[in-house]
Amino acid sequence: MRKVLEVRNLRTHFELVEGTVRAVDGVSFQLNEGEVLGIVGESGCGKSVTAQSIMRILPKSARIVDGEILFWNQQDVVDLTKLDSEGEQMRNIRGKDIAMIFQEPAACFAPVYTVGEQMIEAILLHEDMSKQEARRLALKMLEKVKIPNPESVLDRYSFQLSGGMLQRCMIAMALSLNPKVLIADEPTTALDVTIQAQIIYLVNQLQKEYSSAIMWITHDMGVIAQISDRVAVMYLGQIVETAPVKDLFRNPLHPYTRALLRSIPRLARRKKKLEAIKGVVPDPYNLPIGCRYHNRCDSFIQGLCDEREPTEVEVDVAHRVKCFLYGGR
Amino acid sequence: MLTYLLRRLLFAIPLLFLIAVVSFIIIELPPGDYLTVYVMNLKQSGEAIDEAALQVLRTRYGLDKPLLLRFFIWFRGVLKGDFGYSFMWEKPVSQLIGPRLWYTVLISVLATAFAWVFGFLIGVYSGIHQYSIGDYAFTVLGYIGLATPNFLLALILLWAVYVTFGVSLGGLFSPEYANAPWSWAKFVDLLKHIWLPVIVIGTGSMAGLIRILRANLLDEIEKPYVIAAKARGLPSKELYWKYPLRVAVIPFASTAGWVLPEIVSGAVVTGIVLNLPTVGVILVDALKSQDMYLAGSLVMFLSIFTIIGTVISDILLAWLDPRIRFE
Ligand SMILES: Nc1ncnc2c1ncn2[C@@H]1O[C@H](COP(=O)(O)OP(=O)(O)OP(=O)(O)O)[C@@H](O)[C@H]1O
Ligand code: SF4
Ligand SMILES: [Mg+2]
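First to last, the protein sequences are chains A and B. At position 252 of the first sequence (counting the first as 1) the number is 252 in the numbering used here, and the numbers step up by one without a gap. At position 153 of the second sequence (counting the first as 1) the number is 153 in the numbering used here, and the numbers step up by one without a gap.
Take these hints with a grain of salt, some might be off.
To give an idea of the interface, some chain B residues facing chain A are shown, with a C-beta separation under 10 Å as derived from the structure [what the hints assert, rightly or not]: (1) Pro-224; (2) Tyr-225; (3) Ile-227; (4) Lys-230; (5) Gly-233; (6) Leu-234; (7) Pro-235; (8) Lys-242; (9) Pro-244; (10) Ile-250; (11) Leu-320; (12) Arg-323.
Note that these hints are calculated values from the structure, not bench results. We put the CB at the ideal spot given by N, CA and C, even for glycine.
Next up, chain A with everything else stripped away, as it sits in the complex (with noise of 0.2 Å):
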């Protein structure tokens, strides 16, 4: 297996009047040649905040203050923490060898543009053809990911169609410069779950034939066990476990693992209650002292979680796991 991007122990915050929010802080994973990582934690945990880092569309008030970001393009590496986010390589790679799309389809067209003028826009941006082969190629896109009437769709407006509909346009756009690398921010977040159900149905399919690899960011443990083949679980801009996603639903590890499959609703267990994880999120910006989760875990070892920092341990064969339960004293 084939790494295309390794994120190295990225640190972004943000300096705002209030205080340093540390957003992502310290947070580290590789995305293989092909596969699906999802990338799971509740809101406001940094998910985002990584996802803008390797697309180095930040807001202004952010920065990555440490780690790197590197990315595997054709023969060479090149650390993209380290590129001018506005300059050209930057902008070559954005789009074109790292695709993105988002949680609103909606609200990420603009309303006053045909939504095959925007796709076209984008192929055309890194792609030396006519407007023309790039309308051709938008159709193309539009088919695969099996839109009725392409044709008619290519000059609609975003309000004119419906979310689910811009959301195939999206992955359509995303895909149709056949990026290495996708990354899906909560992409059917927004929509109903039928719509959601054939929207992953649809990124399995392309995936067989496109072969990005897909970093699918998400809140929803049952959408992460559909779509992915590695699971990474974050908490307050932290990796706190990553493995392969049988192991995980089989042998979650983490106290906060556990607490996150305790909360899918799931039809078997109609009749149990249905947990929310106990305890209030830590404000951004005074973050706990020792490990980030004592505050709500229920193995806290009193002493240890709220003095120190546990560090990572392998504890299974790329099964890794940031608590004192597993060592990493």
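With chain A's structure known, arrange chain B with the ligands on it following the hints.
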């Protein structure tokens, strides 16, 4: 788009008719018909009354007929370009208002263009360079522009020009050109004078437009579609022009609805202060002396220009915003 255009134009017709009705009501508002006022005035000044001339006027405007009929007689006249008779000037209204109306329109159009062009440029600059020194400077200037009444700005500018260049810029022409036939020199003289009322009338609206565009642009720059476009690899310069700005100009264009009436009424007041050959002075005089055919016609024309302006802005809006076109 075509159906929208037609619909919008058709919609303007009842509005225009309504304006005619309101103007007629204004004409009819004072007690007695205007001939009684006319006769009274003549009597007061001890002049002879020409009964035959009175009779001609009476039949021409149907003053002895019932109200509804009078309206239709007047309305038919309006359609033919006969707007009634001004007793104050003792001339048909149509002869009186022609050139003045055109100067008013000219100044209003130029002031609107001034407000839009500079409002746009400064608004874009301020939106893209938020919290820069230039942004702060324009914000302060904008508040001053909004807070200063037109007549005060006019007086300040007149005084400033007089102090620095030693010329008086009141009016639209220097005395030697005021009644001269049109020539290149007269045109140049007009240009030398007209900028002052244009700035005076346009500044308030410009300041408002700057604030609107700046706020819209700042709103749009954060929208997901801008981030998505950036994530596709669009260079940031192109990104601003093509995306947030393109959306932010939509409310900007729709402001024409209030900019135009503001500018037209501003032109009336400023016309008086700056002694311009526009409708300002005669409108006020006509209202003061109950010269109702004149006053009613002027009000009607100013309203019609406002309607034309809003129709133009609506068309612009539909052209800019597909959401309106496909409504
Ligand atoms: N533009 C911003 N300005 C200031 N702080 C921000 C900004 N964007 C994100 N943050 C902060 O960074 C942290 C991580 O946010 P992020 O958007 O990555 O969360 P997330 O995991 O994607 O959550 P969600 O599931 O809600 O999308 C949060 O504490 C948030 O408050
Ligand atoms: S380190 Fe301690 S507090 Fe943190 S998850 Fe493990 S047991 Fe819980
Ligand atoms: Mg997010």
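Evaluation of the provided hints:
1. Pro-224: 4 Å, holds
2. Tyr-225: 4 Å, holds
3. Ile-227: Check passed: Cβ of Ile-227 of chain B comes within 6 Å of chain A, closer than 10 Å.
4. Lys-230: Because about 5 Å separates Lys-230 of chain B from the closest Cβ in chain A, which is inside the 10 Å limit, the hint holds.
5. Gly-233: At about 4 Å, which falls below the 10 Å cut-off, the nearest Cβ of chain A leaves the hint on Gly-233 of chain B intact, so it holds.
6. Leu-234: Holds: closest Cβ of chain A sits about 6 Å from Leu-234 of chain B, inside 10 Å.
7. Pro-235: Pro-235 of chain B check passes; min Cβ-Cβ to chain A is 6 Å, inside 10 Å.
8. Lys-242: With Cβ-Cβ at 8 Å, under 10 Å, it holds.
9. Pro-244: This hint holds: Pro-244 of chain B lies near chain A, its Cβ roughly 9 Å from the closest one there, short of 10 Å.
10. Ile-250: Cβ of Ile-250 of chain B sits 8 Å from chain A, so the hint holds.
11. Leu-320: 7 Å, holds
12. Arg-323: Hint on Arg-323 of chain B: holds, closest Cβ of chain A at ~6 Å, below 10 Å.
Checked against the numbered hints above, the structure violates none of them.
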